[in-house]
Amino acid sequence: MNIFQIFGAALTAGVLAGTAFAQDPTPEVGYGWEDKDSVIGSKFMVSAANPIAAQAGYDVLAKGGTAADAMIAVQLMLNLVEPQSSGIGGGAFMLYWDASSKTLNTFDAREKAPAAATPERFLDENGERIPFSRAISGGQAVGVPGILRLMETTHALYGNQDWASLFESTIRQADAGFEVSPRMANSIQSTIDRERYLDVFPGAKEYFFDAEGKPLKAGTLLKNPEFANTLRILATEGADAFYHGPIADDIVAAVASTSMVENNITAQDMADYRVKIRPAVCADYRGYDVCGMGPPTSGGLTVGQILGILNNFDVKSMGWNADFAHLYGEAAKLAYADRALYMADSDFVDVPVKGLLDPDYLKMRSEMIDLTAASEKRTAGEPPHEDAALMHPSQNPDRPGTSHIVIRDMYGNALSMTTTIETFFGSRVFVRGFLLNNELTDFDRQPEVNGRLVANRVEGGKRPRSSMSPTIVMKDGAPYLLIGSPGGSRIINYVAKTIIAVLDWDMDPQDAIETGHFLHRNTSSIDVEQNTAAAEFEGRLSELGHKVSVRDLNSGLHAILIKDGQLIGAADPRREGVALGE
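Here the sequence shown stands for residues -22 to -1, 1 to 560, numbered as in mature numbering (1 follows the signal peptide of the UniProt record, and there is no 0).
If you are wondering where the hints come from, they were derived from the structure by calculation, not from laboratory data. All C-beta atoms, glycine included, are put in the ideal place defined by N, C-alpha and C. Do not take every clue at face value.
Derived DMTMM-like pairs (lysine to aspartate or glutamate); straight-line CA-CA distance at most 20 Å [stated by the list, open to error]:
#1 K195 x E157
#2 K195 x D177
#3 K41 x E560
#4 K453 x D177
#5 K294 x D484
Estimated spans, in silico, between C-beta atoms of each pair [as the list claims (entries may be wrong)]:
#6 R529 x V427: 24 to 34 Å
#7 L431 x D484: 37 to 47 Å
#8 D301 x A142: 50 to 60 Å
From just these sequences and the hints, can you work out the full model?
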């Protein structure tokens, strides 16, 4: 019996008992709240989701390394100390500002579907979508990872440190061990509480649970010599050792042995993977250029649309209150409606990028907003376009399980990078000391609805749509604000709201991050963050006709503001991250 048969039996038992894990819209557990202060520097700055990872980046920057060098050290350490969120088994989107050439490039290291994948990948024998609970765990959900190719590409372009040296701190830490953090421990425990079946998968069970089969507790010393050995190979032989040879073979075998479908990742799929350098998508907001990633992520376009719609209102004078939350929610509903219909991998689907950000189009959309009453669910508009095909709106929400990194080095180079293995613990498939992603569940499982194709359907070699929104706000042709967050389809709202707080209300980035969240995804309700001042908006928003959901909104924002010769670093109090600088 292979692992999927074991997992399938466990899942079936859960379904029959009525206890199969639900499609919780926030599957990555909260951590709590830890008050943090802004970190001020003038030379360099890094902000990342774990103190050990941030320190790894700081050490590289202090030695004269570039932002690209520091990113490698941070990402590798995050794989070790925050394995539930990102790692070399996953993918990323990154914006990079090269100070010497004064150019902004974006790097698409999104995982891609196997070449043989078909639109019916997640349909059952009756042509119905299989439950998300079945799709999410196992090899059928794994896309070809992109992180190592991203590291290789950016190091070749922008690095000045020896490649192997950037692996040293994580190798040492993996051999010596690290203390399991409270958030990591909570995440492991939640796989039991929510019946996520992490302990069904060999390797994952051995690593994340003790000898008695109990989830590891916070403070446990955890070593990962297998990961250290993997990194030694990659440090010596380069990224090719991940995409060819024994490591690639082990990934292919692990995927096949845990998959419920055929047409999984092959050795050729691994060998063929390439990072794509794409133009940034930039939108004007109050005279700033807000630049993000274009498709296959929806982040840059949707953040740009929200801000472009709000350009038509005097947000500054409104201030942070329930009436602004209403306006913001209405703008977000319009943007998310366009997102659902038009946005997918632009190598496969004609996405009207320019039209979606056209100021006249966004002004027209803004005129649909009633400042005195909530609207019903919005439908997509008709932006100027030439070739965008008539599709059916997406049926698939994103799930969070991600991390964000911002770095500015002593040379003026800067990056904003969102990195992920998709939901927390990814596919649960553990190989050579790291987890593989379950990114293919970011595709729509239903490829066609009412006779119309869904833009974000599965196709061979395609990259699934994302909400990741790494952003660099430009002022007078230079980086001003580096920002991003994890959080699934809520990422877009977290980032847009924080940009508004900095640009419209002149907030320090730490204060902007700490303001209570409110957001809308064109669903049935507006979300406001519990245990914050935003929760007090519930009454007024209800009066305006909103259905209000007061809930945990577990962002993980990281930001660096570059202003008046200072670097102001910030990290979200809702997670364990820190900013470090000099």
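Hinted pair K195 and E157, Cα distance within 20 Å: holds (9 Å)
20 Å limit on alpha-carbon distance, applied to hinted pair K453 and D177: The hint is violated at about 49 Å.
Restraint check for K41 with E560, where alpha carbons must lie at most 20 Å apart: holds (12 Å)
20 Å limit on alpha-carbon distance, applied to hinted pair K294 and D484: holds (9 Å)
CB-CB spacing for D484 and L431 relative to the 37 to 47 Å hint: holds (46 Å)
Verdict for D301, A142 (Cβ pair) under range 50 to 60 Å: holds (56 Å)
Proposed proximity, D177 with K195 (alpha carbon, max 20 Å): This hinted pair holds, its Cα atoms lying about 15 Å apart.
Whether the CB-CB distance between R529 and V427 falls inside 24 to 34 Å: 28 Å Cβ-Cβ, so the 24 to 34 Å window holds.
Violated hint for the displayed structure: number 4, the only one.
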